[in-house]
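Same order as they appear, the protein sequences are chains A and B. To convert, count from 1 in the first sequence and add 489; that's my numbering. To convert, count from 1 in the second sequence and add 80; that's my numbering.
Please keep in mind that the hints were generated in silico from the structure rather than gathered at the bench. Take the hints with a grain of salt, since some may be wrong.
[What the hints assert, rightly or not] Each computed BS3-like pair below joins lysine-lysine, with the alpha-carbon atoms no more than 25 Å apart:
id: 1; chain 1: A; residue 1: K584; chain 2: A; residue 2: K538
id: 2; chain 1: A; residue 1: K550; chain 2: A; residue 2: K538
id: 3; chain 1: A; residue 1: K584; chain 2: A; residue 2: K557
id: 4; chain 1: B; residue 1: K137; chain 2: A; residue 2: K587
id: 5; chain 1: A; residue 1: K584; chain 2: B; residue 2: K137
id: 6; chain 1: A; residue 1: K557; chain 2: A; residue 2: K587
[To be verified] Sample of chain A residues with no beta-carbon within 12 Å of chain B, all distances over it, derived:
id: 7; residue: Q547
id: 8; residue: K557
id: 9; residue: V570
[Said to hold, decoys possible] Selected chain B positions facing chain A (in silico; Cβ < 7 Å):
id: 10; residue: E181
id: 11; residue: F184
id: 12; residue: G185
Beta carbons: idealized from backbone N, C-alpha and C, even for Gly.
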Amino acid sequence: AQSVTQPDIHITVSEGASLELRCNYSYGATPYLFWYVQSPGQGLQLLLKYFSGDTLVQGIKGFEAEFKRSQSSFNLRKPSVHWSDAAEYFCAVLKGNKLVFGAGTILRVKS
Amino acid sequence: DAEITQSPRHKITETGRQVTLACHQTWNHNNMFWYRQDLGHGLRLIHYSYGVQDTNKGEVSDGYSVSRSNTEDLPLTLESAASSQTSVYFCASSENGGAGELFFGEGSRLTVL
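The whole structure should be built from the sequences, with the hints applied where relevant.
Now the structure itself:
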């Protein structure tokens, strides 16, 4: 069975600092992977997705993620965090037509 | 613009009462999903539908039911609300071949006392 693990429940970074959110997956085939962001009181919004091809994918809001098959990882990165990036971030893997989500990582940005 | 709306956004009810959460999408998507969000668990799938008259159980379906009589709506019913069902509920939709991209509503916060 496939699953998604996000090891960090909370992360705090300073505004302007770089960010990396970790995601590990367990899947028996080539995974379709996603990162979603949830701002407070809102639904989830797709940041980026990986299906195949280039292992470094670009998303919205300056985010990128790198698929590493050898490490079963799909970590999300941003070179310089803005206060508006404070939110909860979810990694997910596609199972059929359904998404299986990780538990989420809450990002706090300090000024 | 197409959208997905949930109602009510907030509801407080008592144990044992029946509750229905509405979900309406104007994307004309075939696929619709209900998730619940709880701290430490992320989003867990309750029920889903791939089209009219189609419904399927997700990983946490006990105590919940859905029906799909048209493309736009997938109401979620709690037959007899329990305190363990206090949660935030999200409805989402996707198109066939949409490769997993879900469009989410803004959520319904349910409190069962």
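Against the structure, the hints come out as follows:
Between the alpha carbons of K584(A) and K538(A) the distance comes to roughly 14 Å, so the proposed pair stays at or under 25 Å and holds. Distance check on the hinted pair: K550(A) and K538(A) sit about 14 Å apart at the alpha-carbon level, within 25 Å; holds. Distance restraint check for K584(A) and K557(A): the Cα-Cα separation of roughly 19 Å lies within the 25 Å cut-off, and the hinted pair is therefore satisfied. Of the pairs offered as hints, the one joining K137(B) and K587(A) holds, with about 12 Å between alpha carbons and a cut-off of 25 Å not exceeded.
For the suggested pair K584(A) and K137(B), the alpha carbons sit about 14 Å apart, so the restraint of at most 25 Å is met. Between K557(A) and K587(A) the CA atoms are separated by roughly 22 Å; this keeps the pair inside 25 Å, and the hint holds. Non-interface status of Q547(A) relative to chain B is upheld: no Cβ of that chain comes within 12 Å, the nearest being about 16 Å off. Chain B leaves K557(A) outside its interface by the beta-carbon criterion, the shortest separation being 20 Å against a cut-off of 12 Å.
No beta-carbon of chain B is positioned within 12 Å of the beta-carbon of V570(A); the least distance is around 22 Å. For E181(B), the shortest C-beta to C-beta distance to chain A is roughly 6 Å, which falls under 7 Å, so the interface hint holds. Hint status for F184(B): holds, given a least beta-carbon distance of 3 Å to chain A, under 7 Å. Taking 7 Å as the C-beta cut-off, the interface hint given for G185(B) holds, the closest approach to chain A being about 5 Å.
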